[in-house]
Amino acid sequence: MTARLIRLVIMSLILPLAALSGCGSDERAEQSAGFAGLGQDAEGFQQAAPNQALTFPDDFPHEHAAHPDYRIEWWYLTANLEDVSGEPLGLQWTLFRQALMPPSERPEPTPWAADQLWMAHMAISQGEQHQVAERFGRSHSQAELSQSHDAQAGVVASPFHAWLDDWQLQASADADDDAFSPLTLTAYSGEGASRFGYTLELTAEGPLVFHGEEGFSQKAANGQGSMYYSQPFWQIEGDVTLNGETKAVSGRGWLDREWSSQLLDARQSGWDWFSLHLDDGHKLMAFQLRGGGDDSADTEQGAAYRSGTWITPQGDASPLATDDITLTPLATSTVAGRDVPTRWRLEIASVAIDLNIEAPHANRWMDTSVPYWEGEVRVNDRASGEPMGEGYLEMTGY
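Numbered per mature numbering (1 follows the signal peptide of the UniProt record, and there is no 0), the sequence shown spans residues -21 to -1, 1 to 377.
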C-alpha cells in the first residue's frame, strides 16, 4: 500500500471521529457546525427527544448496547483511585462510536463497507505522570455482524461486552446475561518498560441514574440534546501498571452512557463537564455548553447552557436547571499551549452548596487525534476550605 493510500485510510478514520470528543483545531471548528461538528445537520438519523424517555427496567439491558441509527455515542469511564501507599491515581477509558451515514444509505456489508467507526481512549494519571493511548476501529451496523465478538469493535448488551481489539469492558463470566455489574475492564498499551494499563474489577453499589427528563438531557436552549444515563456508584479494585511497575489500586468510578444525532446547537464552542463524588455520599453531575444558551448565563465565549443532576446516596436523582447552576472559572493554567481553567467555583442554589473545584495537576491534556483536557479534581467547601470530595473534569474547545 502506498504512503498516500495509508494516509487516506488513516484520515478517513480520524476525521469523522472528531465529532465524538475533545476539541479539534480552529480550522476544523470553522468548517463544521458548532463544536467538533456536533451541531451539524443530522437528517436521516434517529433523533434523541423527550418522548423517548428511558424506563427502568423495560429498556434494559438493551440500552447498554450500541445504537447504530443514532450518529454518535459513547461509553465513558473515569475513576478516582489510590494505590497501596495511599497515593491518588486517576484513570479514564472511553469507547466512542460514530455512524458514517444514515440508516437508509448504508451499503451491503462487505469487508470494506463499514458504516460505523470507533475510537477508544485510555489514560493513567498519577502526580506529574500522564500516560495516554488511543485506538481506532470499524464495524458494520448489521446486527449479525455488529453483535459478533469476532468484529474489531462493538458493544453488545447480553452478556455485556464493549471492546476495541483487546481493550474491553465486559460482564464477569459468572454474571447473569442481563447483568451490568460486576464488570471487568482491561486495557494495555506499549511494550516492555514503557507498557502501561490496567485490569480492574467494577462493582456497582447503587442504581443507574437518568439525567434530564427521564433520560433526555437537553444541551441547548433550542432543545438539542442526548439520551444520557450514568452509573456513578462503581467501587473499583485491581491492578495498574505504570513505569514498569504494577500496583494494587482501589477507589470509585463513574460511567456515562450517552447517544444522540445532533448533540449541540451550532453556536456551541465546547463544554466544561464535572462528575463529583462527595464525601457524604451524594454525587453531582454538572456541565455547561459555551454558547447556545440565553442572555442570563454569559461567559467570555458567549451565553452558556448549563444543566446537571443532584444524586442522593441512595441514587435518587433531581435534575438541575440552567439557572440553578453558577460556574465561574477562578484560575487558568497553560497546558499544551492553551489557557485552560483548572480552578472553578460551582454553586448549586437548590441544594445550597458552594464549592471550589481544583485540578491538583494541570498536565492532563489528552494529546490524542482529537485533543481535550481530562483529569482528576479535588472538591472543597468554598467558605471553610474543608475537603468535600473528589471527581473528574473534562474540558473541550480550548
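Just so you know, these hints were derived from the structure itself, not from any lab. Keep in mind that a hint or two might mislead.
Just the calculated beta-carbon pair ranges, DEER-fashion [unchecked claim]: (1) P308 with T89: 16 to 26 Å; (2) Q31 with A300: 34 to 44 Å; (3) D295 with G223: 37 to 47 Å.
Derived pair list, reagent style DMTMM-like, types lysine to aspartate or glutamate, alpha-carbon separation capped at 20 Å [unchecked claim]: (4) K226 with E170; (5) K226 with E216; (6) K226 with E180; (7) K226 with D346; (8) K226 with E66; (9) K226 with D48; (10) K226 with E22.
None of these values were measured; they are calculated from a predicted model. Even glycine gets a Cβ: it sits at the ideal position worked out from N, Cα and C.
With the threshold set at 20 Å, check whether the alpha-carbon distance from K226 to D48 stays at or below it.
The hint is violated at about 41 Å.
Q: Would you check the hint for K226 and D346, treating anything up to 20 Å between C-alpha atoms as holding?
A: violated (25 Å)
task = Would you mind confirming whether the straight-line C-alpha gap from K226 to E66 stays at or under 20 Å?
result = The given pair, whose Cα atoms are some 11 Å apart, holds under the 20 Å limit.
- Query: Does the Cβ-Cβ separation between P308 and T89 fall within 16 to 26 Å?
  - Reply: For T89 against P308, whose Cβ atoms are near 49 Å apart, the range 16 to 26 Å is violated.
| query | Within a Cα-Cα threshold of 20 Å, do K226 and E216 meet the stated pairing? | reply | Given pair K226, E216 holds - Cα atoms ~11 Å apart, limit 20 Å.
Tell me if the straight-line CA distance from K226 to E22 falls inside 20 Å.
violated (49 Å)
Range first: 34 to 44 Å. Now tell me if the beta carbons of Q31 and A300 are that far apart. At 21 Å between Cβs, range violated.
Has the given pair, K226 with E180, been kept, meaning a C-alpha gap of at most 20 Å?
Measuring from Cα to Cα gives roughly 14 Å; hence the hint holds.
field: Satisfaction of the hinted span 37 to 47 Å by the C-beta atoms belonging to D295 and G223
entry: holds (45 Å)
For a C-alpha distance cap of 20 Å, please report whether K226 and E170 respect it. holds (17 Å)
Hint violations for this structure: numbers 1, 2, 7, 9 and 10, all remaining hints satisfied.
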